[in-house]
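Dock chain B against the given chain A, drawing on the hints supplied.
Listed here are the chains, written in short residue letters.
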Amino acid sequence: MTMTTIRVFDEWRDKSLEDALLECRDQVESPEFETVQRWRDAGGKVAGHFQVYFPEEIIHAAGMLPFKVRGAPVEPDRADSHFGSYLCSILKTSMELAMSGRVELDLFISHPICDAARNLAAIWGRNFDYPSQILYLPQNPNSAGSVEYLLHEYDRMRRVIEEVADCQITPSALANSITVFNTNRRLLRELYDIKRETPWLIAAEDAYALVSLAGMMPREEHNELLATLLPMIRERTNKAEDRVRIVFEGGFCEQPPFDLIRMLGRICYLVDDDFLIGLRWITQDVAVDGDPLRNLAEAYVEDSSYSSVQHDLRKPKETMLINRIRGAKADATILAAAKMCEPGLEEQVTYTHALDAEQIAYFVTEFEENMTSFDSLELQVETFVEHLLFA
Amino acid sequence: MTTLEDTNDLIGRGNREGAALFREWFAELGQTAAAGGQAAYVFVMGSTNEILKTFDLPVVFPEITSLQTAVRRVAHELLDEAEDYGYSPDICGYVKADVAVQLRGGKHPMGQLPSPTISVLTNACNTYIKWGEIWERMYGTPMFTIDVPGTRQAGTQTFSGNSDFEADRRYVETQLGELISLCENVTGKSFDIDKFREVLGHANTMSRCWNRVLELNAARPALFNAVTDGTIFLGVANAFRGTEAGALYFERLVEELEYKAANNIGQTIEEKYRLLFVGVPCYPIFRRFNELFSEWGGTFVNSTYLWFASGGTNRGFQYDLADPLASLAEGMLLSVRDAMDSMFYQDVAVAEMAKDFNIDGVIYHPIKSCRTVSTGLADGRRQMTKDLDIPSLFIESDMMDRRVVSEAQMKNRIDAFFEGLATRRQHAAVATSGSQGR
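Protein chains in written order, with my numbering: chain A, 98 to 488; chain B, 1031 to 1468.
Same shape as in the complex, but just chain A (with noise of 0.2 Å):
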């Protein structure tokens, strides 16, 4: 079985654009991932990789289903008992997928991104019997070690793969993983652009839902998916508006509730944010010669994006979203933080100091996955792009 074999998601397929899109928001706004059951329905097996970034070509490579684990606005009824209070909800409706059975998994991998996202491999491990894995990626980037010590953590990662799969990652498989990744980096660039350069031609929600599919879908479905639409977009005859240009800034774990992404959207033109940072972390090609896990290495240590989560002193975190901010043309942030998220929380500080020092206009706003209410907030954002624009 190769991942070209088994096809996941038709319903978008022979539709005019906004139905297409329709089908895409449809897919993404329901907590069941269809996707990921239809996966397994086929026989196929499944790798959940929570949280931020995971080099997923290593599990594509075996055959297997990349998941990208980003918690649903579920309760998380069963979940809930295994955890404290004070926690961030994204580790709770993230046990609530597997434990309800609507996503099941043959391997769970976390990483150290945060203390709860390294103790969540740990509760995971005691509750489901697949493995369940930390990726020890580098929090030491600027080290002269690093992409060694990486390459062989890579490796690690692919002969605990290897076993899940049941099937040996060749050294060709990885390159065509990588090829058919940097294929979907592209198109998500692409993408991207257009949010950036033309707002109107795509709604903020619509762009969301396409990035967020990447994670809960083969690769080569979503390139299909992306080279069919994107030209469609492009196409589109809409009108510029008169609107606030913002970025948005702390989606990198924890995911805004569509409803809010959606919200923004009717409100200003969200010209870049970090909405699922990880599927678009590595910013450039990786190279497809040579040793495939030592370029997925290189990569990751030398040409990636920026979180608040990661620390590389070449990458201050507030240099690097002034630099989004300006390169989107943005006029002002919406700097936000999922509740109980300590890195997000404490970055925040850092930006608004920062954005007052070069005079960048910016919101600070909480929020939870599970949020139904946004009348205030909605309030709230209004009246900062009001005094944007009129004050």
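These aren't lab readings, by the way, just hints derived from the structure by calculation.
Just so it is clear, CB atoms sit at the ideal spot from N, CA and C, and this is done for glycine as well.
Don't take every hint at face value.
[Unchecked claim] What follows is a list of derived Cβ distance ranges for each label pair: (1) Gly1135/B x Asn420/A: 32 to 38 Å; (2) Ala1438/B x Asp339/A: 55 to 61 Å; (3) Val385/A x Asp1386/B: 51 to 57 Å; (4) Cys264/A x Gly1191/B: 27 to 33 Å; (5) Ala241/A x Glu1382/B: 35 to 41 Å; (6) Ala241/A x Ile1420/B: 45 to 51 Å; (7) Leu486/A x Ala1438/B: 35 to 41 Å; (8) Glu1107/B x Arg175/A: 37 to 43 Å.
[As the list claims (entries may be wrong)] What the simulated footprint calls covered on chain A by chain B, stretch by stretch (three residues with Cβ under 8 Å from a Cβ of chain B suffice, anywhere in the stretch; the number is not a length): (9) 210-218; (10) 240-254; (11) 278-291; (12) 393-399; (13) 443-457.
The following block gives chain B in isolation, referenced to the frame of chain A:
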């Protein structure tokens, strides 16, 4: 032979000398600040004191200086100041207390803290990294992260000779070499390998003795309270790691405890229930928190805190002085990994402690401030109950923030817990006498 006069001096010596050393440490920091001298900011899990002491750098442990503000009941003022500065009520209280102290120019209730010349941190706690970034921005001084890879999956730890372990060890060793170069640049001093060996030798003594101290408390009655006395010992273990004074202190502590064990001398309370403590102490009501247990005859005989907050030195790893840097890398890898394991896989740590310490109950104390320690406790408790069936109590509060510490509620739950323990004991006694009567 120990005389009665010696004995009077011996009992409680560890607490007295520990408190004195602690004041000495603070006095040194004050003198450094007054003289405008250099200081390193470090953390308890992987302090790298072994390297920093080789460069004669005074070390500030902001976790310890922060917790002192809670013990001295001024933390709330500092938390308020940090929150006014922009920090959320929902982040680590240690960080916020320290931010406020820094905003006050280093003015601390116990004295004046020097500013950081360098900060060194591991990834044993992710908040260490965020904390280091705060100083980096406040002072523009270098921050060095020692990335110590932890356990990848429960029960799959590797050791020397295994290729995965060796890859991790090489990575840590490379970083330690880079830290040494940075220290040379910062201090203007050359690295002295002989002095380094001397420091490692003292650290070896301390680790060996710390391991022995913990082991000795399996005695019945327990020789010291793992939460109250243990915190004093921990302070010395961290602040004086790699020093002659620290080594001497721990040798004398072992002497005291071995004497107590040999003579069956416990603590001042009658020990009725032997408890394990899992989590971080409740510093805003530190003494009272312990009394809520000791009033029932409960004593803490061990804790995961004494493991992870000593940076895993409880395992007693001994550096090979013939190959000091490689050995330090191996020791850090094993010790810091162990510290992380006793937080993330605390069910395993509790099972190990329960084997030797005749435990009557396990007290889980998750706190708002610390996801590192607290996230897995509810699930770990479920696992512990399934595996060991030891009665347990789960009380949430905080290590710094008195706004989430409710003593009355705590007391109700603790009282109910002990009533349950007493009932359980009575039932067991009845069952035993019943079976003997048949």
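Given the hint of 35 to 41 Å, check if Ala241/A and Glu1382/B actually sit that far apart at their C-beta atoms. Between Ala241/A and Glu1382/B, where Cβ atoms are some 37 Å apart, the hint holds.
Do the beta carbons of Ala241/A and Ile1420/B sit within 45 to 51 Å of each other? Since the Cβ atoms of Ala241/A and Ile1420/B sit about 48 Å apart, the hinted range of 45 to 51 Å holds.
How does the Cβ-Cβ distance of Val385/A and Asp1386/B compare with 51 to 57 Å: does it lie in that range? holds (56 Å)
Is the hinted range of 55 to 61 Å satisfied by the C-beta distance from Ala1438/B to Asp339/A? holds (58 Å)
Holds or violated: the segment 393-399 of chain A covered by chain B, criterion of 3 or more residues with Cβ-Cβ distance under 8 Å? Violated, because only 0 residues of the segment 393-399 of chain A bring their Cβ atoms closer than 8 Å to Cβ atoms of chain B.
Residue count check for the segment 443-457 of chain A against chain B: does it reach three with CB-CB under 8 Å? holds (count 7)
According to a criterion of three or more residues whose C-beta lies within less than 8 Å of a C-beta of chain B, is the segment 278-291 of chain A covered? With 0 residues close enough to chain B, the hint is violated.
Three residues or more, CB to CB closer than 8 Å: is that satisfied between the segment 210-218 of chain A and chain B? holds (count 8)
How does the Cβ-Cβ distance of Glu1107/B and Arg175/A compare with 37 to 43 Å: does it lie in that range? holds (42 Å)
Chain B over the segment 240-254 of chain A, status - at least 3 residues with CB closer than 8 Å: It holds: at least three residues are needed, and the segment 240-254 of chain A offers 9 whose Cβ sits within less than 8 Å of chain B.
Are Leu486/A and Ala1438/B spaced within 35 to 41 Å by their CB atoms? violated (52 Å)
Using the C-beta atoms of Gly1135/B and Asn420/A, is the stated range 32 to 38 Å upheld? holds (33 Å)
The earlier numbered hints that this structure contradicts are 7, 11 and 12.
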